[in-house]
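Numbering (full-length UniProt numbering), first residue to last: 1 to 689.
Hints may contain errors.
[Said to hold, decoys possible] Using 25 Å as the maximum straight-line C-alpha spacing, the simulated BS3-like pairs for lysine-lysine come out as follows:
| # | residue 1 | residue 2 |
| --- | --- | --- |
| 1 | Lys105 | Lys115 |
| 2 | Lys611 | Lys494 |
| 3 | Lys400 | Lys473 |
[Claimed, not checked] Have a look at the derived ranges for each label pair, beta carbon to beta carbon:
| # | residue 1 | residue 2 | range |
| --- | --- | --- | --- |
| 4 | Asn213 | Glu418 | 46 to 52 Å |
| 5 | Ser497 | Lys135 | 47 to 53 Å |
| 6 | Lys217 | Gln666 | 36 to 42 Å |
| 7 | Lys675 | Lys217 | 45 to 51 Å |
Just so you know, these hints were derived from the structure itself, not from any lab. We put the beta carbon where it would ideally sit given N, CA and C, even for glycine.
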Amino acid sequence: MERGRPKRYKYTQRWLEHEKNCQHPRRILLLGRVGGVAQSFWQRPGTPGSEQGEKESVDNRPRSTFKAWWSELPDDHKTETISGLMNGSGNMQVQKMGSERLGEKLKISEELIKKSCSLAFKAHKSPDDLFHVEKSASGSSDVVFSFPGSWSVDSWASGESAFGEKTIQLSLFPSLKSIGYYDEAAGPGGHQDFAIASFNQAFLQKFEHVLQNSQLKNKVQEAVNEKKRIVFTGHSTGGATAVLATIWCLENYPKQSNETFFCVTFGSPLIGNHIISHALRRENWSQYFIHFVMRYDIIPRILLAPLSSIQHEFERILPFFDPNSPAYASESIGSSPEAFYLFRNVMRNAASLTTHAASKLQGSTNLLLETVKKFVKLSPYKPFGTYIFCTGNGKLVVMKNPEAVLQLLFYSCQLSSESEGARIVLKCLNEHLAYENELEGSLEMQCVTYDDNLETLPLASDGFFDDLGLSEKARLCLRAAGEFEKQKRRNQEKVGSKMEMITKHLKIIEDYRALCEHTVGYYDAFKIHKNKTDFVANLSRIELTGIWDEIIEMFKRYDLPDELEAKKEWINLGTRFRRLVEPLDVANYYRHSLDEDTGTYMKKGRPTRHKWTQRWLEFEQKLQTGSCTESCFWADVEELHKLSGNFAAVYEERERVLRVQEQVGQWIQDGVIGKDVLLKSSTFEEWLP
1 MERGRPKRYK YTQRWLEHEK NCQHPRRILL LGRVGGVAQS FWQRPGTPGS
51 EQGEKESVDN RPRSTFKAWW SELPDDHKTE TISGLMNGSG NMQVQKMGSE
101 RLGEKLKISE ELIKKSCSLA FKAHKSPDDL FHVEKSASGS SDVVFSFPGS
151 WSVDSWASGE SAFGEKTIQL SLFPSLKSIG YYDEAAGPGG HQDFAIASFN
201 QAFLQKFEHV LQNSQLKNKV QEAVNEKKRI VFTGHSTGGA TAVLATIWCL
251 ENYPKQSNET FFCVTFGSPL IGNHIISHAL RRENWSQYFI HFVMRYDIIP
301 RILLAPLSSI QHEFERILPF FDPNSPAYAS ESIGSSPEAF YLFRNVMRNA
351 ASLTTHAASK LQGSTNLLLE TVKKFVKLSP YKPFGTYIFC TGNGKLVVMK
401 NPEAVLQLLF YSCQLSSESE GARIVLKCLN EHLAYENELE GSLEMQCVTY
451 DDNLETLPLA SDGFFDDLGL SEKARLCLRA AGEFEKQKRR NQEKVGSKME
501 MITKHLKIIE DYRALCEHTV GYYDAFKIHK NKTDFVANLS RIELTGIWDE
551 IIEMFKRYDL PDELEAKKEW INLGTRFRRL VEPLDVANYY RHSLDEDTGT
601 YMKKGRPTRH KWTQRWLEFE QKLQTGSCTE SCFWADVEEL HKLSGNFAAV
651 YEERERVLRV QEQVGQWIQD GVIGKDVLLK SSTFEEWLP
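Generate the whole structure from the sequences, applying the supplied hints.
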């Protein structure tokens, strides 16, 4: 130690020691990372001073290794290398010195984030005002709309459902649905409830009240006319209103340039179910929602528990957050039994939800999970957008993976021991009021971790997620969330690789249709099914239905990226497939008289693959659901053909008859279906009254 210890270990040790005593934010940022390298290099096995190195008198590595490596490394790559050493794999992306700042990543400046936070808290001081508008300094292109929060239980809970949620009216938010699952003709229940987004009813009522009883619409239109960038912001329930206002604007101003609307919230509760996240990602809107959450803040987690189970305690706690209340930030409330019970109840329900979610992410097929779900009410609320977790010591963790965010909301708020319960409970309340001070320091430090490659997150300490207190189990859950997203991308590549096969078989059927155009038409030719060409076409039909059934099942399970449902190439390919293949499916159905045993094709026999691809086209072209039936009109023709000779029955169906005739004429004129429909020997011509 006195004579033989190399300088490389002395220097790196001193870096680490100095870093631990350094208090200036910018120096903490720099030295913290360099100190991480020091600790990683100094404590490597075989290094004098490490546990193994104490037993070894000789370090077999060249003495110049570290010095040469560090001196030759380009300055702009040093921090990247540091982060790799700190976590052992380099899997998490850390903000680099001199690289893109957080604001640049989010496409909104840090000054505007801090201003939004200040205005969000300022709005609480005038709770009777439905919203506040503040334009930036002269020449600036930003306008900030801030919404005050509400501090009564009624502003959080409304309606009869356990968690206070309600299915939305699509007239207000038409995009917030699963395109494939949604069937306008279906009644409530089944997949229909699963297809439409649900919001917290109280939050939705508040937004509708703001929309109908204020100048919000006019002020937004004014800002749009002036080509301003509009930021909606709010703290607590004000954040929920800001979210709804942003979605409403994105729905009503679709032609505005990208980055016109942003939403920045601070300590906002969750507002709705998984369909919101799905729809926002599909529409490429998710990037415009930025949510800051303090590590222990209870409010972003509050709706993970049934409101009825915490109503009494919550009512007692809410004045703690109201700046106009005498009990504002009262320590007696923070240390009350009600506060502890509220925390315990919320976290217990969060544990049930995240355990169930993690099991599904990990591919569990245990039927007990679904059985338990019938007896234990699980919160329907799910995160969406970009979440930025504030660790409390100046560091920020950025998460865009909604499943990972849900897991973090639970695991980052755990007790290390029972003895710290009272301290953490008080912190859960205090941190809801701490966003301004926290962001002032953390946005200056720029010590930011991003959720890249979560699937390879180390299970042990990694220097990045340690500040969120994540256990090994928590890290496993984050891994599962990361792997789930990665698997979606792999599935996308898998279905993408089938495009060539799909195109090949569609070409075979197109050639078959062209061959039949001048005889009986390809619908009737396939139904008669007496030539070799009919057999070949059927093989391609079977091949295509197998491929598309597999693809649609992936969409139904949300096993593909959400944005894929709105991709132009898939909508076009699905439409081409449906228009070519569904007439053959209808012909096959009636050729085998399946209608006699099963029921009509449209009611009982129509495959999901055709329903979903039809809905994709209707949604993209903003058409009424059920209007693109050009591929299945033959089913109507078959049913009406059976009525031939029965004048009373034909008279009863006269509106349907006229509708089919008009539609076919229009589709032929538009080039959607072929003129072979009008051949004298076709089923259509035989049926015409």
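Structure-based check of each hint:
At roughly 18 Å between alpha-carbon atoms, Lys105 and Lys115 fall within 25 Å of each other, so this suggested pair holds. For the given pair, Lys611 sits about 22 Å from Lys494 by alpha-carbon distance, which is consistent with the 25 Å threshold. Taking the CA atoms of Lys400 and Lys473, the gap is about 20 Å. The hint holds against a cut of 25 Å. For Asn213 paired with Glu418, a C-beta distance near 49 Å keeps the hint of 46 to 52 Å intact.
A C-beta distance of roughly 51 Å is found between Ser497 and Lys135, which places it inside the suggested range of 47 to 53 Å. Taking 36 to 42 Å as the suggested C-beta distance range, the pair Lys217 and Gln666 conforms, at roughly 37 Å. Our hint of 45 to 51 Å for Lys675 and Lys217 holds, since their Cβ atoms are close to 49 Å apart.
In summary, the structure agrees with every hint in the numbered list given earlier.
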